[in-house]
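Top line first, the protein sequences correspond to chains R and V.
If you're matching positions, the first sequence starts at 311 in my numbering and goes up one per residue.
If you're matching positions, the second sequence starts at 79 in my numbering and goes up one per residue.
The following label-pair restraints were derived from C-beta to C-beta distances: (1) R/Glu344 / V/Glu81: 38 to 48 Å; (2) R/Glu321 / V/Tyr141: 31 to 41 Å; (3) V/Trp103 / R/Gly323: 40 to 50 Å; (4) V/Ser93 / R/Glu430: 42 to 52 Å.
Derived from the structure by calculation, the hints contain no laboratory data.
We put the beta carbon where it would ideally sit given N, CA and C, even for glycine.
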Amino acid sequence: MAEQNTRLEVEYGPQADIVTLTDEKILEDKDIRELEQQMQSVIEQSSIKKIVLDFSRVKFMSSAVLGLLIKISRRVYEQDGNLALCGISPKIYEIFKITRLTKIFDIYKDVDSAIEELTERQ
Amino acid sequence: MPEKTAKRKVHLQSSPQALDESRQWLLSKLKEYKYCEDDVFAVHLALEEAFFNAVKHGNKMNYDNEINVDFTVAPDKVEIIMTDSGEGFNPDSIPDCRVGENLYKTDGRGIFLIRCYMDVVEFNEKGNSIHMIRHHRKPTNSAESKSAID
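The task is simple: from the sequences and hints, build the whole structure.
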């Protein structure tokens, strides 16, 4: 079942719920607040609490998005869920790496490898 | 590639949209001066982080408080001076976002990223003005690694 709204495309699946960020650039406070609200809704609606966040369409983002991801991950983990990030471009991955956020996020190359990893944790 | 230096001086209000025109001008100039993708990404990121800090922390989201920005794009370097109307801050007081509990904080990474992606980062004594330079055709930036995910 696919569901689409303004900033996210969500596909609730049997192994994991795949959330694709639809914006090429994520910069403004307003956009980030909207993303936070929409992600909160996804977390609430997710029955298996295994969420794959796909960045493959995102070409540019500010550090405020990193803060949002930390908030999202807390909410997922508080519900004993799992969050995996994937599809991150090399330039954006560099931001994760130099801020050492690669230590606290599980990051995979693509959706398939993220789902595979989350499935193995069952 | 143009031989002359392109300059732009703007007085912006404290809203995210206020940067739109200047951002577009800067990115088009970087393309015109044939800066590489890494340079463009770095300068764009530094611009966004500095402007976000100026609006939020410097001008406390007060729409009428101005932000003055001087852009200089030359064949060898791009330079941005951004000054907000706030009281300033001590840049040395910002904790390392990569260490201990700071790693889990939801903010506090902007200045760190600017320092990583720009070659020169200086503040005025008051702490309400940042001066940033990135040199053209820099083979690698100061980030720890440029590698992608395997």
